[in-house]
Amino acid sequence: MAARGMTGCHRLCVLQFPSSTETEWTDAIRRRASDIGWNVHDLAVAEEWPLEPPSGSSVFFTTEIEGVEKLDPTRWIILTEDPTESAAVVGASLGVDPFVQISLVRTSIRLASSASVAARETDVEVLDARAERLLLSDFGWVDRAPQTAAVAGGTARGPLDIFTTLPIPIGASADWCPTIFSYPAGPNMEGGTPDIDLTGRARLLLFGPYICLPKGLWSIDIDASIDTQTSTIALMFEWGAGDRFVSHRTSVSTAGQYRITLNRRWDVLEQAQVRIWLTLPLFQGRLTLNRCRVTRAADSTPETSAA
17 MAARGMTGCH RLCVLQFPSS TETEWTDAIR RRASDIGWNV HDLAVAEEWP LEPPSGSSVF
77 FTTEIEGVEK LDPTRWIILT EDPTESAAVV GASLGVDPFV QISLVRTSIR LASSASVAAR
137 ETDVEVLDAR AERLLLSDFG WVDRAPQTAA VAGGTARGPL DIFTTLPIPI GASADWCPTI
197 FSYPAGPNME GGTPDIDLTG RARLLLFGPY ICLPKGLWSI DIDASIDTQT STIALMFEWG
257 AGDRFVSHRT SVSTAGQYRI TLNRRWDVLE QAQVRIWLTL PLFQGRLTLN RCRVTRAADS
317 TPETSAA
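When we follow my numbering, the leftmost residue of the sequence shown carries the number 17, and every step to the right adds one.
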């Protein structure tokens, strides 16, 4: 019997979550491709980009999806990992904590790209990179080498938990803790804390975290403690990406715990931002960001209208 994958012309595109198994899977798939006579192209290397779709069966390794459609893949393979582990791998490569903004942004770009492909649901396979043996359609069984060491990502829920299951299901959510946002301090865009003294001019109070979200309707719940200190505080909450935000304006005259929910549709993969503004000068008052929760909402959910 002929080896599976030896007949026909296939173009297999492999997307991997950042993972401590990533190198092992790349090597294993390369070996399998060599055994059955397939070409291999690492699209991160400019010299390996084909000028046109290859005539023979090929495997493409890529970390992003832009431009890959020109190669007309016949099937996508997505190798997933626990998102917290992915952030740990990226953080370790950068020499930073997994949950600082630069690590989360870089990790989310790759995870959101994979989620965008998985949402097509046709000619896509989503497989768990933590397995040691996988069956890839049109390609056959592939065995990776055992890990020599793994990056400890922990088991706590993290800011990228929306990517735990692909395709992302309606209702998937993640908590965005206050530490991953940016807080302007004086003339600088950094240096503040989640406990914000509102005394002073109208200004931007916080922004970020620039985590990438794929297409779909995304909801954000913003939980904050507000101490009015006898003042009336004029605030604006924004949710969006690029130059398109939905917003809600409010005036708060009673101290307490508040939740603002905003809904916005992502038409393309973009980096998300929450922004909170003090819209009128204030003599005294405080705002503390307690938590934000991002949720993949049903597509029928209406976008927030300006208030």
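Any given hint could be a false lead.
[Said to hold, decoys possible] Here are the in silico distance ranges between beta carbons for each label pair: (1) 72 / 317: 12 to 20 Å; (2) 260 / 316: 55 to 63 Å; (3) 316 / 161: 44 to 52 Å; (4) 215 / 118: 26 to 34 Å; (5) 302 / 277: 19 to 27 Å; (6) 65 / 201: 22 to 30 Å; (7) 314 / 161: 37 to 45 Å; (8) 181 / 201: 17 to 25 Å; (9) 281 / 82: 16 to 24 Å.
Since the hints were derived computationally from the structure, they do not count as laboratory data.
Where a beta carbon is used, it is the ideal one built from N, C-alpha and C, also for glycine.
Does the beta carbon distance between residue 260 and residue 316 stay inside 55 to 63 Å, or does it fall outside?
violated (20 Å)
Using the beta carbons of residue 215 and residue 118, state whether their distance is inside 26 to 34 Å or not.
Hint holds: Cβ distance 31 Å, inside 26 to 34 Å.
Is the hinted range of 37 to 45 Å satisfied by the C-beta distance from residue 314 to residue 161?
holds (43 Å)
Tell me if the beta carbons of residue 281 and residue 82 are separated by a distance inside 16 to 24 Å.
holds (21 Å)
Is 44 to 52 Å respected by the C-beta to C-beta distance linking residue 316 and residue 161?
With Cβ atoms ~46 Å apart, the hint holds.
Using the beta carbons of residue 302 and residue 277, state whether their distance is inside 19 to 27 Å or not.
Given about 22 Å between the Cβ atoms, the range holds.
Holds or violated: 17 to 25 Å for the Cβ distance of residue 181 and residue 201?
The hinted range 17 to 25 Å is violated for residue 181 and residue 201, with Cβ atoms some 38 Å apart.
Does the Cβ pair residue 65, residue 201 satisfy 22 to 30 Å?
Taking Cβ atoms as reference, residue 65 and residue 201 lie about 45 Å apart, which means the hint is violated.
Against the range 12 to 20 Å, how does the distance between the Cβ atoms of residue 72 and residue 317 compare: consistent or not?
violated (46 Å)
The structure fails to meet hints 1, 2, 6, 8 from the earlier list, while all remaining hints are met.
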